[in-house]
Amino acid sequence: MSLSAEDVKRIAKLARIRVNEAEVAAYQAQLNGIFGLIEEMQAVDTNGIEPMSHAQDLFQRLRADVVSEPDRRAAFQAVAPQTENGLYLVPKVIE
567 MSLSAEDVKR
577 IAKLARIRVN
587 EAEVAAYQAQ
597 LNGIFGLIEE
607 MQAVDTNGIE
617 PMSHAQDLFQ
627 RLRADVVSEP
637 DRRAAFQAVA
647 PQTENGLYLV
657 PKVIE
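Under the numbering used here, the first residue of the sequence shown is numbered 567, with each subsequent residue one higher.
What the hints contain is simulated information worked out from the structure, not anything from laboratory work. Careful, some of the hints might be misleading.
Claimed, not checked - For each label pair, taking beta carbons as the anchor points, the in silico distance ranges come out as: (1) ALA621 with LEU580: 31 to 37 Å; (2) LYS579 with GLY602: 20 to 26 Å; (3) GLN626 with ALA578: 51 to 57 Å; (4) SER634 with LYS579: 55 to 61 Å.
Even for Gly, the Cβ is constructed at its ideal location relative to N, Cα and C.
With the hints as extra help, turn the sequences into a complete structure.
What follows is the structure, encoded as structure tokens:
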């Protein structure tokens with residue numbers, strides 16, 4: 567696929583970008599280069615290749631899921647203005 571100067575002007579108009587004639591030629595060359603790369607990538611046979619979520623074979627190191635802080639719920643609720651059944655009571659703000 568190759569873009570003409572008129573295509574570039576139309577794209578610029580749709581994007582509401584003001585371009586002059588010198589810029590049109592530069593953008594046309596850049597966009598055609600990008601489309602050329604896309605065509606090259608689409609020409610590669612990818613049958614039998616499993617899709618990857620990342621370009622490198624990485625995994626995330628996970629820490630052990632262990633309790634690291636003491637349970638201080640009772641201490642926090644002791645200083646709260648109002649609690650009921652382990653929940654904090656707050657005034658209604660939406661009618």
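Taking the hints in turn, this is what the structure says about them:
Here the CB-CB span from ALA621 to LEU580 is close to 32 Å, well matched to the stated 31 to 37 Å. Under the hint 20 to 26 Å, the C-beta atoms of LYS579 and GLY602, about 24 Å apart, fit the expected range. Look at GLN626 against ALA578: about 42 Å separates their beta carbons, and that is not inside 51 to 57 Å. Between SER634 and LYS579 the C-beta distance comes to about 59 Å, which sits within the given range of 55 to 61 Å.
Hint compliance for this structure: hint 3 alone is broken.
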